[in-house]
Amino acid sequence: MNFDFSPEENAFREEVRQFIADNYPKHLSESRRAEFSKEDFLSWHRVLAEKGWVAPHWPEEYGGPGWSVTQRYIFDDECAKANTLIVLPFGVTMLGPVLMHYANDAQKAHYLPRILSGEDWWCQGYSEPGSGSDLASLKTKAERDGDEYVVNGHKIWTTLAQHADWMFCLVRTAQEDKPQKGISFLLIDMNSPGIEVRPIITIDGSHEVNEVFLTDVRVPAENLVGEEGNGWGIAKFLLGNERTGIAGVARSKNAVKRLKEISCAELVDGEPLIEDSDFKKKISELEIDLLALEYTELRTLAAESAGRGPGAESSILKIKGTEIQQKVTELIMEAVGTYSLPKIPMLDSGANYNLVGPDYSHGASQNYFNMRKTAIYGGTNEVQRNIIAKFVLGL
Amino acid sequence: MDFDFTEEQTLLRNMVQSFVQDNYDFDSRMAIARSETGMSRDNWSQFAELGLLAAPFDESLGGLGGGAIDTMIITEEFGKGLVTEPFLPTVVLCGGLLERHASDAQKDAHLPPLIGGEKIWALAYSEPKSRFNPANVQTTAKQDGDGFVLNGLKSVVNGGPWADYLIVSARTSGEGWQQEGISLFIVDKSADGVAAQDYETIDGGRAADISFENVKLGADALIGSLDNGLPLLEEALDYGIAALCGESIGGMHKAHQATVEYCKTRNQFGVAIGSFQALQHRMVDMFMEYEQSVSLTYMVNMHVGSDAASRARAASAAKVQIGKAGRYIGQSAVHLHGGMGMSEELNVGHYFKRLTAIDAQLGSIDYHLKRFASSEAA
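Protein chains in written order, with the UniProt record's numbering: chain F, 1 to 395; chain V, 1 to 378.
Restricting the straight-line Cα-Cα distance to at most 25 Å, the calculated cross-link-like pairs of lysine to any residue (SDA-like) are:
no., chain 1, residue 1, chain 2, residue 2
1, V, Lys-353, V, Ser-155
2, F, Lys-260, V, Glu-376
3, F, Lys-281, V, Phe-132
4, V, Lys-324, F, Asn-381
5, F, Lys-390, V, Tyr-262
6, F, Lys-390, V, Ile-273
7, F, Lys-281, V, Gln-179
8, V, Lys-264, V, Ser-275
9, F, Lys-26, F, Lys-38
10, V, Lys-324, F, Ala-375
11, F, Lys-282, V, Tyr-367
12, V, Lys-107, V, Glu-59
13, V, Lys-324, F, Asp-276
14, F, Lys-390, V, Gln-257
15, V, Lys-370, F, Leu-286
16, F, Lys-81, V, Ser-375
17, F, Lys-373, F, Phe-41
18, V, Lys-370, F, Asp-269
19, V, Lys-216, V, Val-149
20, V, Lys-129, V, Asp-209
21, F, Lys-282, V, Gln-331
22, F, Lys-282, V, Ala-309
23, F, Lys-373, V, Ala-278
24, F, Lys-280, V, Ser-375
25, F, Lys-257, V, Ser-310
26, F, Lys-257, V, Ser-306
27, F, Lys-280, V, Gln-179
28, V, Lys-324, F, Arg-299
29, F, Lys-178, F, Pro-129
30, F, Lys-390, V, Gln-331
31, F, Lys-282, V, Arg-131
32, F, Lys-281, V, Ala-357
33, F, Lys-81, F, Gln-18
34, F, Lys-343, F, Ile-200
35, F, Lys-280, V, Ala-360
36, V, Lys-216, V, Asn-228
37, V, Lys-370, F, Glu-275
38, F, Lys-280, V, Ala-309
39, F, Lys-390, V, Ser-275
Treat the hints as calculated values from the structure; they're not laboratory data.
Isolated chain F (complex conformation):
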């Protein structure tokens, strides 16, 4: 049992750190916006793609860097420390492994390189108005008509669909006795006639999620991944991959660092907020929770390196990780005090606001509002508890 990185791993960390310092787009590191454009995300994506680092968990044969679990951990850690934008997960993390596992050679050859290069922007067509945690109850229908499927339905909470070129979509191709049967996994061109994307503005004022309406959308049958009716197995496979990195430990560590900096700058009766014993206690409790989660994640990674894949235990990472992500934004909002009240402009809002208060206060409340989503998405934290109860505790 030891927690030392090897000299090679330390050298790798240095290489990653230097690469980010030299190559992270300047306009992004200077930005203090709470919201980022498509071009913002793509500019960092392309830099990583060119370096061959955009898909850390992809095998080399598909264009991944062939990193060990520890190297991936170090890479994530350094990106978080540098506070880079994330690489959006929809293509690289979610769809990529599905295609490697289930797609035919033609599909792999066509879609995988375009995911890596950033040429295709993917969104995830899973949730529906009537199907949230109970995903298998989905109703969007795909009927076979010659060489095409005709898709009708309504997807919701589709993240960044407003930018998407493609959507991977769960559709019902047959009515069977069990809701999990008769679901298929379809790739849909977002430029197809019959698709309408309507924004949903969330409580933080941002436009991240959308409704996607599909009316008689014609999809070539060759866009089916795997066998017809086998979509539920693919959906579960995808959700398993989604858990990788879901703890967000490195990002939360960075946020805690910010929280401490803010607490040093804010004053209570002339003394730094961080010296206030009540507030200090809240920070310490959060730090200890995060430290425990860091080691829980490392234990999971170590098990994964040793070929023992993440089990249902990884639901812990989702639950604790999101609780901590929420808590840190809550404390940052508390820390900035009355300057948590001014609303800041969102990108492209056209509104002309006066920015008041210290830089670090901007968006503190909006971040807090936004992070409420984390306990809801990716399977609510209650669903995660059900998973642990069933598959770990055997209840």
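Please arrange chain V on chain F, whose structure you already have, making use of the hints.
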């Protein structure tokens, strides 16, 4: 980076596990805890024979060189069996302190009988008014010729009734909770002027309040250098915390496991109560607290040998986590067992009591939260 145990460590675990299974089932444990002495000398001799008392010590001292990780493995298995014998005070707190800081002569005199199971030790550092702060020392040791004269009162010395020797913290200069001026002494408990009031603790253990009245100590009783005992004591307490964390996760595991099993078999309203989501989620929360405690237990045992600041931070973080988790899991285990959880006959209440006691040992949640907050990350 790896979290796997070596083959030797796995063998050690298996050995302790089978000892606990064979000799420390719940009825035997309760018989020992309820006996007049509260521990079994037979068991202690067997620990010596099995090499458990030698496990952490360096091979040059007659030990097996296992360090903190082996200690954690032993205490975790002991925690599952609610073992009452004084492994923590004798081997971890006092033995470790002797190994790291005693003179060669002191080691030669004291470590072999300790490792051999002939002598039991206890760490007498807390006082009626010190609360959890080891720097808050009123007991004094005044220079007297070559030696010292010891006066004062030490409170709730765990394992005190069984101890042959004590390590006692005393002021040799300064006052109050000044960091400087504390020295550590080896005291023969049978010396003139040492008086112990022995009692049972809430978890079935034994402790003592021990007074010292003009106890004469030779110059060779001093451990380390004069006035500089506090860092040695804090280090020993942090090693103690690392071992206590092991015991704690052992106890949490059993309390949680017993609760899950009970809820699978207990029927109400025609179904197993484990089918109720409210109870399932509480058991999942217990499980998550347990896993988070395991993580910090590993963390502290991997870091306990590093520099003083990192060590203190790691130990305090872990102690806060196991304190909170122990309380939540203990309370929930009793609660989910319903009326049966309240029964003295059932093991679950005893895990609850042991987990409760652990929080008050070597510094509580609040104490360590403050200590963590005042430490700085490396």
